[in-house]
Amino acid sequence: MIGIVGARTLGGVNNMGRFARFVWQSAIASFRTSITPSSYSLIWTQMNIIGVRSVPVVMITGAFVGMTLAVQMYDQLASMGLEERLGNLINIAAVKELGPVLAAVMLAGRVGGALTAELGTMNVTEQIDAIRSMGTNPIKYLVAPRILACLLLTPILIIYADLAAIVGGYFVSVVQFGINNRAYWQYSASGVELWDVSIGVAKGLFFGVAIATIGCYKGFTCKEGAQGVGQACTEAFVASFISILALNFALAVVFKAIYDTFWPLKSLV
Amino acid sequence: MKHGDNDNGSGPSHDGGVIVLENITKKFGTRTVLDNISLAVEKGKTTVIIGPSGCGKTVLVKHLIVLLRPNSGEVYFKNQRIDNLSENALNRVRTQYGFLFQGGALFDSLNVTENIVFPIRQHHRITDWKAVEELVKSKLAMVGLDGYQNHYPSNLSGGQRKRVALARAIALDPEVVLYDEPTTGLDPIRSDVINELVLKLQRELNVTSVVVTHDMTSAYKVADRIIMLHNGKIVADGDADHIRDHPHPIVQQFIHGQVGEDQLAVLRMSGKVSQAQFLPRDFQ
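Those protein sequences? They're chains G and X, same order as listed. The first sequence begins at 1 in this note's numbering and counts up one residue at a time. The second sequence begins at 1 in this note's numbering and counts up one residue at a time.
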């Protein structure tokens, strides 16, 4: 029993060490790639695959977030005669928390899963070994462009998700529930600050790097066979999902501390 | 001077061995795949490594280019120790190798030309694309596939994929070409095409070749020297005639493709075919 626990602990520490090493190598390779113009075509290709093709799914997610928030909150606010403030609540929840988190979760499923499946298949068919045998660093060629593409595009995709959430919330609130159009926007504008939008978008930088790094790592270390690739995809999604939630919590704490430091009296207003 | 005394610089001379393995041991978990193996691959010759499936042939050939690092022992390339180099330093050494993987390992998303140009783009700044196109054409002509430049790997047969992979492996004009099971999965005629290509490359480019195979027809045809691996150890080493007449029963059993008495006993113990439970004919 003690032996099993010990072996599993050692295995866990070993895996963490391998992941930390992979992250470090990826960070160095990404930095070098970002200052090497000849590599920009690789980043551009990944931006097209990762970003452009994710726009519809991210916008649909955002729109449903906004519409659902409106449906859920309307009754409570209407019972207090505060339904015109619906825009304030919907938009602040969408741009600060739900838009970034749900868009990132969608990307973890769509992009993270695809990265793991692609690199995992390359791994089991020895294509990654082939890259190494030709004297090329596979982390620089395969991982760095994907991390940089996710880093650059996840915040932009979050802006799309935010916009779709705002439009979805507006549609249900104003068109379906008949809230006064001008009042809806007035409360929205007064409640949502540039800071709220900024931290939602800034979270996208961290979520993007986490999704790409975990997806690539799982692809690089997947076991042989179709089952191995499938298992790696599942593990990549679960790990990315948990990372997004954990990062969201940590970033909320950090951003709150920054906000309280620079605008200590604003929260009292 | 002992080899281990010189870890970073040039090592001792290894009498004609362009690649030298010294006391290589490789373990995966508790399983020892290579057990204290030493060998020198001679320059300009074709060395064939034979042995039953799972005996560690591929693991051995991957140590020659340090795609796998040994648990103990040393690897030398042209008298320079390479198993302790960083990946960046190893990448410079690897440009002098070509590696034909078992399944070809062509990049699915790139066409034939892009696959062959890949190693050139990684190590040279291409300014004259006409010259590169000519180079690709000449490499493809060498493997008999000129005209296939715009095909994707998914549109090629198994034999064609291996030939394109070979064209890619020789794109940088390497000194050493490693072949991992080059004829596995091919019909006898396609296998012979690959064998002829191995001989042609050695004849025309004077490359040093290491071929991993369990196809004895192929081994006898291309080998200057045959090494047999069994249970992680070298059990036979010599030219084709030496291997044909080798007294070791494992070698004779392998080269004649015969099942051993111990394996037959296991088969006999597992029950008669007539006693096996079959599904009824009308089973849907």
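These are calculated hints, taken from the structure and not from any lab test. Accuracy of the hints is not assured; some may be wrong.
[Stated by the list, open to error] Computed spacing ranges between beta-carbons, pair by pair:
#: 1; chain 1: X; residue 1: Ser109; chain 2: G; residue 2: Gly228; range: 35 to 41 Å
#: 2; chain 1: X; residue 1: Ser86; chain 2: G; residue 2: Ala189; range: 53 to 59 Å
#: 3; chain 1: G; residue 1: Arg8; chain 2: X; residue 2: His256; range: 43 to 49 Å
#: 4; chain 1: X; residue 1: His124; chain 2: G; residue 2: Trp185; range: 55 to 61 Å
#: 5; chain 1: X; residue 1: Asp239; chain 2: G; residue 2: Arg8; range: 34 to 40 Å
#: 6; chain 1: G; residue 1: Ile2; chain 2: X; residue 2: Gly44; range: 54 to 60 Å
#: 7; chain 1: X; residue 1: Asn88; chain 2: G; residue 2: Thr45; range: 40 to 46 Å
Ideal Cβ placement from N, Cα and C applies to all residues, glycine included.
Please check whether X/Asn88 and G/Thr45 have a Cβ separation lying inside 40 to 46 Å. Since X/Asn88 and G/Thr45 have Cβ atoms about 25 Å apart, the given range 40 to 46 Å is violated.
Given the hint of 43 to 49 Å, is the C-beta distance from G/Arg8 to X/His256 inside that range or not? holds (47 Å)
Is 55 to 61 Å a correct range for the gap between the Cβ atoms of X/His124 and G/Trp185? holds (59 Å)
Is the hinted range of 54 to 60 Å satisfied by the C-beta distance from G/Ile2 to X/Gly44? holds (57 Å)
So does X/Ser86 sit 53 to 59 Å from G/Ala189, Cβ to Cβ? Given about 56 Å between the Cβ atoms, the range holds.
Within 35 to 41 Å or not, the Cβ separation of X/Ser109 and G/Gly228? Violated, at about 21 Å.
For X/Asp239 and G/Arg8, compare the CB-CB distance with the range 34 to 40 Å and indicate the outcome. violated (51 Å)
The earlier numbered hints that this structure contradicts are 1, 5 and 7.
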